[in-house]
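Using the sequences provided together with the hints, build the complete structure.
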Amino acid sequence: MTTPGAPETMPTMHDPQTELSQRFSAAIAEAFGPEHAAVDPLIAPAKNPKFGDYQANVAMSLGKAVGRNPRDVAADLLAALDVGDLFDPPDIAGPGFINLRLKDDYLSQCAASLAGDERLGVGPDDSPQRVVVDYSGPNVAKEMHVGHIRSTIIGDAIVRVLEFLGHTTIRRNHLGDWGTQFGMLIEHMIDTGATTQADSFHVGDLNALYQQSKQAFDSDPAFADRARDRVVKLQSGDPDTLKLWRLLIDESYRHFSEVYARLNVRLTEDDVRGESAYNDVLSDVLADLESAGLTVLSDGAVCVFPDGFAGRDGEPLPLIIRKSDGGFLYATTDLAALRYRIRDEHAQRIAYVTDARQKQHFAMVFQTAKSAGWIDEGAAQDSSGGVRLDHVPFGTILGEDGTPFKTRSGDTVKLADLLDEAEQRAAAIVARKNPDLDANQRRQVARVVAIGAIKYADLSSDRVKDYVFSWDRMLAMDGNTAPYLQYAYARIQSIFAKADVDPSTLRNSPAPTDVPVTHPAEKALILKILQLGGVIRAVSETLEPHRLCTYLYELASSFSSFYENCPVIAADNDAQRRARLILCDITARTLKTCLGLLGIETLDRM
RNA sequence: CCGCGCGUAGCUCAGUCGGAUAGAGCAGUGGACUUCUAAUCCACAGGUCGCAGGUUCGAAUCCUGCCGCGCGGACCA
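Quick note on numbering: this note's numbering labels position 589 of the first sequence as 589, and the sequence is numbered without any gaps.
Fair warning: there could be bad hints in the mix.
As the list claims (entries may be wrong) - Simulated crosslink set (EDC-like; lysine to aspartate or glutamate; CA at most 16 Å straight-line):
hint: 1; residue 1: 142; residue 2: 299
hint: 2; residue 1: 498; residue 2: 604
hint: 3; residue 1: 142; residue 2: 250
hint: 4; residue 1: 592; residue 2: 117
hint: 5; residue 1: 214; residue 2: 191
hint: 6; residue 1: 592; residue 2: 118
hint: 7; residue 1: 142; residue 2: 417
hint: 8; residue 1: 406; residue 2: 390
hint: 9; residue 1: 142; residue 2: 205
hint: 10; residue 1: 406; residue 2: 417
hint: 11; residue 1: 523; residue 2: 554
hint: 12; residue 1: 64; residue 2: 76
hint: 13; residue 1: 370; residue 2: 258
hint: 14; residue 1: 103; residue 2: 82
hint: 15; residue 1: 50; residue 2: 91
hint: 16; residue 1: 103; residue 2: 85
hint: 17; residue 1: 370; residue 2: 307
hint: 18; residue 1: 50; residue 2: 88
hint: 19; residue 1: 592; residue 2: 604
hint: 20; residue 1: 370; residue 2: 400
hint: 21; residue 1: 323; residue 2: 307
hint: 22; residue 1: 414; residue 2: 258
hint: 23; residue 1: 47; residue 2: 400
hint: 24; residue 1: 433; residue 2: 400
hint: 25; residue 1: 370; residue 2: 288
hint: 26; residue 1: 47; residue 2: 91
hint: 27; residue 1: 465; residue 2: 355
hint: 28; residue 1: 142; residue 2: 411
hint: 29; residue 1: 64; residue 2: 40
hint: 30; residue 1: 103; residue 2: 88
hint: 31; residue 1: 233; residue 2: 280
hint: 32; residue 1: 465; residue 2: 554
hint: 33; residue 1: 523; residue 2: 104
Hints in this document: simulated from the structure, not taken from any laboratory.
Written as structure tokens, this is what we have:
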């Protein structure tokens, strides 16, 4: 949001933590020699306000490395350190902690900089990459259920974060659209006459279609034979069969896209590249592996035994490439997809957002790809070397009784039903809390709150752990929940409305003197916002969205404290009022930006 | 049997690369609404960080062993 009138000479503003890291690194090199220049200065926000605003923990570890007393190391470091323009004289405390306190005008300078920056001080990544993110991946001819929600939500958030940092993402929806089950599905379509138009069967009937086909397959040998023939026809590309198969996919995708739209997930049909897309190259993959000398014939099946994997009794664990009957399995498809992503899509990083139970599977697939030399193939395009492969595992959703989340009758929960219930519950809360809203507004608020609550509950705890699904907790207005964050945002908008201020007028290159910091709650709020860049970079590195949630909650808590302690509209004077309005604006934009990165919407009123 | 993951307050969860007195929310107790949305805030109380060793100035964090739970482990995905 830099304006033409802004002085060109204004140096690029770093957040204080980055600034300190750079200056400490320089001081380390100067005081202890270039051989220690790469040592991380270990700058962190102060653990306790009484220690100041930031702390450097490097003196202890450096002291060990150079065999000296850490406090003496800290003293030498401070002698070489040049931060007097921005910080008060640092203290050495305890075993060698260095405590730093920002000067007030530096803090004001930071706040002014945030106010004038659309990206809130977070620059794009230095080395943007092409990243393939594989997520969602529902099965054709089945309704989406809770088993798909985590991959879909987590993957979407990861994509948004990566794109915010300037990476190019290739979203991949690896649909389960191929396999022997399609023989019976298609044969059943023919039997029931659902062959000419999509609307002769409905999404809601897909599960029924699957169950009926399965039942026919199990109970009727003649049907089973026809189904097997149909698989052969499908695989050999019989046009009539393919047409029916296509119909099934289209009808299924219509259902998926409805769910994606409700979830505000950005997957589109262009992102679909299902299992069937790799069907033609499976034998090439096999040939690749054979020529790399990786394959072993074992009990009639073609296997790869990747290094470092043992099964029962410590015997090598196979990755089965081709079954003894000649058929291919998902390992082969995953290898084909991996090869395609490296070779044809030129990915520099590939992230697979799948259930934690597939961890070993992907580890084996990755190891096989490395042994086959595919990763080096990618290194030719990536000057930084190689392709980074990330499995992004997540745990199971549990009910409040600690067992996997099911309906009362023990069935898997359909995603559409889950969203319906969330909206109903949210609507009831909205009606109770804010009866002033008209019916239309209530419905809109309920929708945004409901979807936000479900997503945030999923994203806010460490994804690798199982999490306990609880309506009451996710829809609570207290604690680390989406409604609490959305409420903080709405309160800010309410201030602007009441003050009759257009927040965009607050972003026009304010000067540091426009943002004096007079209250500890104001200072805490600015310091929290200054942590944004570090948090987002950490998420892009670890692919752990819950770090952003933890941050958001801390931010909203800081704002709530500010809200209680620092009147905005009724500030002491115009200057303070304007300063606080600016703080409100950067807080609101930070909340909205972060929630947006999680795929969660905000509301001006709720 | 082998491998992977998890184990933090009554419950649900954070805890950065090993750093200062392990933090939140819920539930509990006690406070705060003529004041920008009380859908909120403040305070109090609550801990053998699964157990036992080890590494060191310092361990919830790293190493070893054990216990408990979950999940994988040959032609499903």
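**Request:** List in ascending order the numbers of the hints, as given earlier, that are violated by the structure.
**Result:** Of the numbered hints, 1, 8, 13, 20, 21, 23, 24 and 32 do not hold.
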